[in-house]
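Engineer: The residues making up each chain are set out below.
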Amino acid sequence: MPDELAVTAPRAERVVARDAADVAGFVRDARDTGAAVRLAGRGTWLEAGGRVAAARHLDLSSLTGITEYVPGDLTLTARAGTTLAEIADATAAHGQWLPLDPFGDARGTLGATLATASAGPLGASVGLPRDVAVGVSFVSGDGEVIQGGGRVVKNVAGFDLVRLTIGAWGTLGAIVEATVRLRARPEADETFCVTVPPERDAIATLLANVRNAALEPLAAELLSPACAAGLGLGHRPVLLVRLAGNATGVHHQRSTLSKLATTAPAPSDTWSRLAQSDPVAGLVARVSRRPSELVRLWTTAISLGDVDAHATLARGIVRLRLPAPPAHDLFGTFDAADHWIIERAPLSWTARPGRMAPASDDLSRRIRLAFDSTGILNPGILDL
Amino acid sequence: MSPLATQLADIVGSRYVLTRPAETFVYTADGLPGYRRQPTLVVMPGTRDEVVGVVRLLAAHKVAFVPRGAGTGLSGGALADGAVLLALHRLRRILAIDPENRLAVVEPGVVNASLSRATASHGLHYAPDPSSQAACTIGGNVAENAGGPHCLKYGVTMNHILAVTAVLPDGSVATLGSADGEAPGYDLAGTFTGSEGCFGVALDVTVRLTRNPEAVRTLLADFTSIDDAARAVSAIVATGIVPAALEMMDQPTIRAVEASIYAAGYPVDAAAVLLIEVDGLAAGVEPDVALVDALCRQHGARTVRIARDDAERARLWQGRKKAFGAMGRIAPHLVVQDAVVPRTKLPHVMATIGAIAARHHVTVCNVFHAGDGNLHPNIAYNADDAAESARVHAAMREIMTLCVEVGGSVTGEHGIGLDKLDYMPLIFPEASLAAMCRLREVFDPERRANPGKVVPIRSCREWAGVPATRVARA
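In the order they appear, the protein sequences are chains L and V. The working numbering puts the first sequence at residues 1 to 384. The working numbering puts the second sequence at residues 385 to 858.
Isolated chain L (complex conformation) (with noise of 0.2 Å):
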């Protein structure tokens, strides 16, 4: 994403790492001369977290390929630039999936979505970066190559080098290859419309009666009206529901859904056109809380306007789709305790959300010096 890249990092010197090694040997050469470093996947998530200010931009793009997949251990090692489009073919002819959906279409690498922990809907069952990654080979800020973890689903050998890879968006290495558990495809999956009424009282009556009901949802995503509309499902508040299991089981969910709300069959393909039909400018950012405080996050959100606003029910997100940036204060319209994460907003806007609390902190920051003592990998990206 040569554009993308212009509007970033205007002068950035810009190299290409074939292996681990070289990412090694760039990062040794960066901080002997003290140059700040961006790393990129694909480039189609640059704009997420904070402003990064480099001159040197290292492209993991081409460290790509499967280097182990045993389909009977249910495990897969890929390097860090493989898309997860790559992964899902290798895994499908043998009936197995890797279940991390985040947002952006599937030309998203398996290292970019693991360095910023990504999730998507599955991440309210059984996609969450943290619980999939078994083990990670990164390059520190120092231009060592650390691995973490192993290639087996369970083990508690050592320090968690993995946990706190996941989501530290490469401000303590570039993250080369990972080992992630797959799962098996289930005999039946299957995606349903329900019907949602508008009023924020019979919301939360409806959200409440399906997370208590007899359901074991592999997503449940709520739809704001602008949201379901770009997915051709009316403009209307819509919760999709995402259930799995073998036949019985699912038709029986299916039934007792249909007991709560108006249900209906959805296009097997609505997830892959959420995740697809992020804008193309503007700001998309998730704000959440704790799962009993949805329905406030939703109402908020969807009193801004006709917005396009999406919620994974389990985790407590809302995740907001603004063509542009709203002209009050977005962060002061919520609670000063919601938790955001930017994933994409435009170079003008400067409005930033608050911080970590004091303690954490300073361990934060102790722990980035503990990887990179310069501190030259992607500075600014985390509030660190």
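Careful: at least some of the hints might be erroneous.
Stated by the list, open to error - Only part of the chain V face toward chain L is listed, based on derived beta-carbon distances under 8 Å: (1) GLY555; (2) PRO568; (3) ASP571; (4) GLY624; (5) ASP756.
Since the hints were derived computationally from the structure, they do not count as laboratory data. We treat Cβ as the ideally placed atom computed from N, Cα and C, and that holds for glycine.
Position chain V relative to chain L; hints supplied.
Structural biologist: Same frame as chain L, but now just chain V:
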């Protein structure tokens, strides 16, 4: 009493500071047999403020300490060699249960099983279920990133920890993680989990609660060969069914259980049995049970018994959960080993373990989490017999080396502690071990929290030349 003991007594009360050998003797061992280490004293705070006060006092005196929950750990992580033992079992209050958000906030000394009992009226439970769950504490579970049979479907401790408030070794209090949605920043709760007491002491832990399954079905399948049982495991997992638990016990284990008061009705002539649990919504469970039953038979199961009621189910599980205890009938001491191998390597690994055991004239009892390849090869022996002990340890080292050679790990749920320090360089390159040392130093620059555990000291290059006396002894 030493001046330190007197000052500690001022914080926690004199009856909660133990200094005489007769009092501290019980604290010289944990669940790892064959090791005793003498703590300088044992201090047992009863409140969060007392814990913070104790840690600050120890920091002021630069005294090393070892946090301890119930002492059920199997890797020697709670052994204190010339350090203060900080026992947390008195902090056993459940601070909050939030059924709407399915979480609970607990003190570190809350016993694992008692948390699930306390949340049962809400239809919720705490999913990780180590075999020691009747005694082990949530704080200890967090320190070890404990597992258990039901972790196959529900995940290990790490997957259930949302936040931890911890007092760091310097006495500062930090909040790690968040139960409030997606907090930006490093996953410090995930990093703290499994840190084996080296990063600080949990003051409270926010855990995820899991809805009780609507239906639970437990099956026992018996096989005339371990290979067949292992292939049945792979076949079940390949269908997409994720059993709540998928456990294997071999013949020596079955015989030990059946000869004990925990007899569960396992067929004593079977080469191996699989204990399989399927749970979930009632309507979905029966087809899964039928498929699991059919797959076991296809792979050579002689019989597949499906528990008819809760009593039969509990009996089948009792044999599994008390298997380690049953092995006490064979010999006075027991090595409970813990390793992980890729599941497809199970037939090869089980056969090789058999050959290793035969060569060293020891009897290995295998009882393990087959679904995720987490082995527990156990050897009952007499630790007072030097020759036998040597054979046992030689066999164990070969078994661990085998697991590493096939791409596995040296521990799946018991931790490194003291017991497995020597194995760390087998699975991690020097740069990774050094990185772990640096991470530990962020939390504990003076190396006073559980010193000498998890990462071999020689791997910490920047520490080379730092005299051990830098850490004062109490």
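Engineer: Confirm or reject each hint.
Structural biologist: Structure-based check of all given hints:
no., hint, result
1, GLY555, "12 Å, violated"
2, PRO568, "6 Å, holds"
3, ASP571, "5 Å, holds"
4, GLY624, "4 Å, holds"
5, ASP756, "5 Å, holds"
Hint violations for this structure: number 1 only, all remaining hints satisfied.
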